[in-house]
Amino acid sequence: MNLNSETKLVQAAQNGHLESFGALYERYHSSMVALAYSMLADRDLAEDAAQDVFAIACRDIGSLKSKERFAAWLAGICRNVSRQMLKANKSKPVAVGDNPAAQKRDDTEDRREAIRKAVWSLREPERELIVMRYFDGFSQGQISEVLDISPQVVNGRLVRAKRKIAKYLKRNGYMGDNYETS
Amino acid sequence: MKRPENDKLLDEALSETIGSKKSRTDFEQWKQKYPEAVEMLTSRTSRSSREVRGEIERSQTMSVRNRSWKYAAVVAIMICAGGIAVVGVNIGKYIYVGKDDAGVHIFRSEDAKSVVTLDDDEVTDVEQTRNDLQEIEILRQQDKRQLIRVNELFVNGKLDTRVFVYQYQLSDGRTMDMGEGDELNWLLDKKQREEWLQRKKDAGSGEDFGVAEKEFKGCMFVFKRQRFVLSDGTEVIWSVGEPKGDQ
Chain B
1 MNLNSETKLV QAAQNGHLES FGALYERYHS SMVALAYSML ADRDLAEDAA
51 QDVFAIACRD IGSLKSKERF AAWLAGICRN VSRQMLKANK SKPVAVGDNP
101 AAQKRDDTED RREAIRKAVW SLREPERELI VMRYFDGFSQ GQISEVLDIS
151 PQVVNGRLVR AKRKIAKYLK RNGYMGDNYE TS
Chain V
1001 MKRPENDKLL DEALSETIGS KKSRTDFEQW KQKYPEAVEM LTSRTSRSSR
1051 EVRGEIERSQ TMSVRNRSWK YAAVVAIMIC AGGIAVVGVN IGKYIYVGKD
1101 DAGVHIFRSE DAKSVVTLDD DEVTDVEQTR NDLQEIEILR QQDKRQLIRV
1151 NELFVNGKLD TRVFVYQYQL SDGRTMDMGE GDELNWLLDK KQREEWLQRK
1201 KDAGSGEDFG VAEKEFKGCM FVFKRQRFVL SDGTEVIWSV GEPKGDQ
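Protein chains in written order, with the numbering used here: chain B, 1 to 182; chain V, 1001 to 1247.
Bound-form chain V, shown alone (with noise of 0.2 Å):
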């Protein structure tokens, strides 16, 4: 009965030659040397509010490792109608026109068609920025994406906005998520839309009003809702859909 001893024998020699002295864990130092991942996560918060709104006040909104990228309406009612139902592939070129007067960067696809703005924080490099968006539109005419999420609003029981949220997987190995509007009635009116912003943002979350199960593009969304009542007693209800099974 020497095993176990030997198996004793065997676990202190490996401890002796491969155990560590404890490797250096120092949060504060690690965040000193990486600032900038720092920055794109404490920057997050302010941002999640500015991506409900790019999705609920325009028609299409991209994120970049959680970046907002807003369409313009255009792209939508087109993809609605079934105006890019692309056989072949068109290289969906981009053009920088500039910054608008409150620092936004402003892309538009060749023909017109889309408009992409971004905030200045979201451009680090103007080119790169306009090659992805080329590569995005590329996929998409393919219909190489995922769906990852739906998102909905409803005012006094009718649906105001469908957004379908798409990821897409760049060729360098990036992720991009992608808002494609489905449904825009825009039934809130602007001051109703930035009370119930503001009241999403300061509340954080309104009144649990459960679950519910619906099928979109043949794949089954659980949609978790909130429940918010405005000044004027509209109603308006915040449901995010996630495929069943990722809950």
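If we strip away everything but chain B, and leave its shape as in the complex, we get (with noise of 0.2 Å):
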């Protein structure tokens, strides 16, 4: 990620240049899904509250003073949309999968299921990396950019992380698949 590029087309977005804001959509938009589906569990919503993050930004950028903490700024803004959101659908506070509950499931279902559950009893700051991750595969660097903590942190919490899940596999039967980790 090249920083100063990034810093220029802030620039020009709060000098009213909307390809500039463009650029950033495009390069932020991904990432924006992946931490709001951290949240709200449903992918349908988390499209949503993206695009309602970047209407907000779009509309405040000029409040915005650290031209190089835009994605930071972003996550922020999103973390508050996501939240509005949880609260108005209290009734999905976590991930249970797509397929209805009542519909019959075979063992790999059955899997996916519980690793759904392992992730989203994830503490906030920890599912937020899983999600990331694995969700669109992003590196630790653009993780780190956009949560705004080191490479380092991002590493060392990511390892953890899936320590906790591979416990909660083995906790619920899925020894099978040996997902112990390090």
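One should not assume that every hint holds.
What the hints assert, rightly or not - Under the rule of at most 30 Å between Cα atoms (straight-line distance), these lysine-lysine pairs were calculated in the DSBU-like manner:
#	chain 1	residue 1	chain 2	residue 2
1	B	K67	V	K1201
2	B	K8	V	K1224
3	V	K1224	B	K67
4	V	K1214	V	K1200
5	V	K1214	B	K65
6	B	K65	V	K1217
Just so you know, the hints here were simulated from the structure itself, not pulled from any lab data.
Using the hints, build the complex out of the two chains.
Structural data, given as structure tokens:
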């Protein structure tokens, strides 16, 4: 990520240059969807949240002082928007999978359900990391930028989160897959 | 040594379970869905020149999400004189006067000591605007605000105007920036001022005149300065200061 060019894009957007804002949108849209998904556990809602995030950013970009922290600023908006959506959708606080519970499921779907539950049982900072890492395969550098934490912290937190997921799966009888990790 | 293999298994399982089919990134579609947000961003270019004009030609400028709200000089003069050093809180009621011939909205305080003018596109709801003005007046009296910028204009080495820009946080979470005139000497005449504003608008920026540091209200500000020379030889230095560390 070329921070210098990004700072220029932010500056240009602050001066009313829509194409520059469009470039920022293209760059961060999927990471905002992932971040919203980590909180909302619903892909469609996460897409809606990401669109709202950019509407707010478009409207308020003039208030951003530290241009080099655009991604972290965007992530802050995303968390607020997602929390508001969570309040409005209290019936769906955690991920339960895209298929209705009543639907007959095979072992694979059961296992996916268990993994989803394991992920959404994590604390928010760890869950954000896991979802960003595996939702769209973001690199540690990209995650570090959006979540405004160092790559070392990203790495350490990812390892711990995966260890917790492995333990959760083991506790819930998914020993056959041997997910236990370091 | 099965751990790397186990890590890989877990990676695959996580990717398979929460992996995306790539989210839809369509800026064109987004623009159509949020025309008002787009309009607010694209109108920033024309507003920025209005903002400068407002800060220099009038004593106070208030911007709401980068819109310029211009106060009449009378308020700034009172501020300079310490006339609004209020201990208690007065409910600063504002009255909507109406529009002038140019379509500009006019608000004034109940005691007629301050007047705010807003362009037509800056007022979508008169009552909301009136309430915002009243809330800001209370916050100002309580000094619940943050000095975020200092703008200075020098003419031939002498201070023409200095404007302190404060940021206010309203109860609904919005932030508003409001400028208050500190030094208002008005050394440029109307023709010179118009020439300077036009030149600034056309050129984007003047000649880089370096940076300077000054302290205001107990905080160190770093000023970026630009130099312009008008057709009659008048030297104008436009200087914008932001808190050191925010640079």
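Structure-based check of each hint:
Among the hinted pairs, K67 (chain B) with K1201 (chain V) is consistent with the structure: their alpha-carbon atoms are about 23 Å apart, no more than 30 Å. Taken as a hint, the K8 (chain B) and K1224 (chain V) pair is honoured in the structure, with Cα atoms around 17 Å apart against an allowance of 30 Å. The straight-line distance between the Cα atoms of K1224 (chain V) and K67 (chain B) is roughly 17 Å, inside the 30 Å bound, and the hint therefore holds. Note on K1214 (chain V) and K1200 (chain V): the hinted pairing holds, with a Cα-Cα distance of about 24 Å set against a maximum of 30 Å.
Proposed proximity of K1214 (chain V) and K65 (chain B) is supported: the alpha carbons are some 20 Å apart, at most 30 Å. For the suggested pair K65 (chain B) and K1217 (chain V), the alpha carbons sit about 20 Å apart, so the restraint of at most 30 Å is met.
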